[in-house]
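Here our numbering is used: the first residue of the sequence shown is 1, the next is one more, and so on.
Straight-line alpha carbon distances no greater than 20 Å define the calculated EDC-like cross-link-like pairs of lysine to aspartate or glutamate that follow: (1) 104 with 160; (2) 132 with 88; (3) 145 with 130; (4) 139 with 128; (5) 146 with 13; (6) 125 with 135; (7) 132 with 160; (8) 145 with 9; (9) 104 with 128; (10) 89 with 128; (11) 115 with 171; (12) 126 with 103; (13) 107 with 177; (14) 125 with 99; (15) 107 with 160; (16) 107 with 171; (17) 176 with 112; (18) 139 with 88; (19) 132 with 99; (20) 146 with 88; (21) 176 with 108; (22) 146 with 135; (23) 89 with 135; (24) 125 with 137; (25) 115 with 101; (26) 115 with 164; (27) 107 with 170; (28) 139 with 9; (29) 107 with 118; (30) 115 with 170.
No lab work stands behind these hints: they were computed from the structure.
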Amino acid sequence: MDLKKDNIDALFEELHGQFDIEEPTAGHEERFLERLNSQSTLNIEGPSKKRSWWKPLSIAASLAILIALGAGVFVNTQKTSKVAPEVEKTQFYFASLLEQEIEKINKEVTPETQKMVDDAMLQIKKLDNDYKKLEQDLKENGNTKKILHAMITNFQTRIDLLQDVLNQIEEVKQLKDKENALPANQV
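All chains, please: the whole structure from these sequences, using the hints.
Now the structure itself:
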């Protein structure tokens, strides 16, 4: 049962943005019914009184397909609105972690590590630009798992980068402390 649902979800994801969701103009239904009634009376008056069932059945099948597609769009919209708050919570969590790591780095930066920190911040800026593109993709394409996964991976990459910089700063500090601890004649 779950496999069928996944297949249907995948189908609707592929067809996203291709559905005709425009509303007909005012009076469209009345004009349609009027034309339908006029055609019905013409068919009755004609010489052939044979009734063809394939036309009403094809209309009914078309309506059933349209209703099913409409229901799929509705379900997809509900699914998107449910995931959006989770995306916001995750974004807030990772953004807080990033801010904490940047604060730690700013407290530990020294003239010896300034270049390393500047390079890291440049990389963070590039990753942030990539993240903004992913956010735009998310708005345009809906909450696809690929985009959400890429967004989380982007955050994790930035956090890992900042943690690596913190570790390197700590190593530089330890080396500097060892050099300062050596007697002057050994240097």
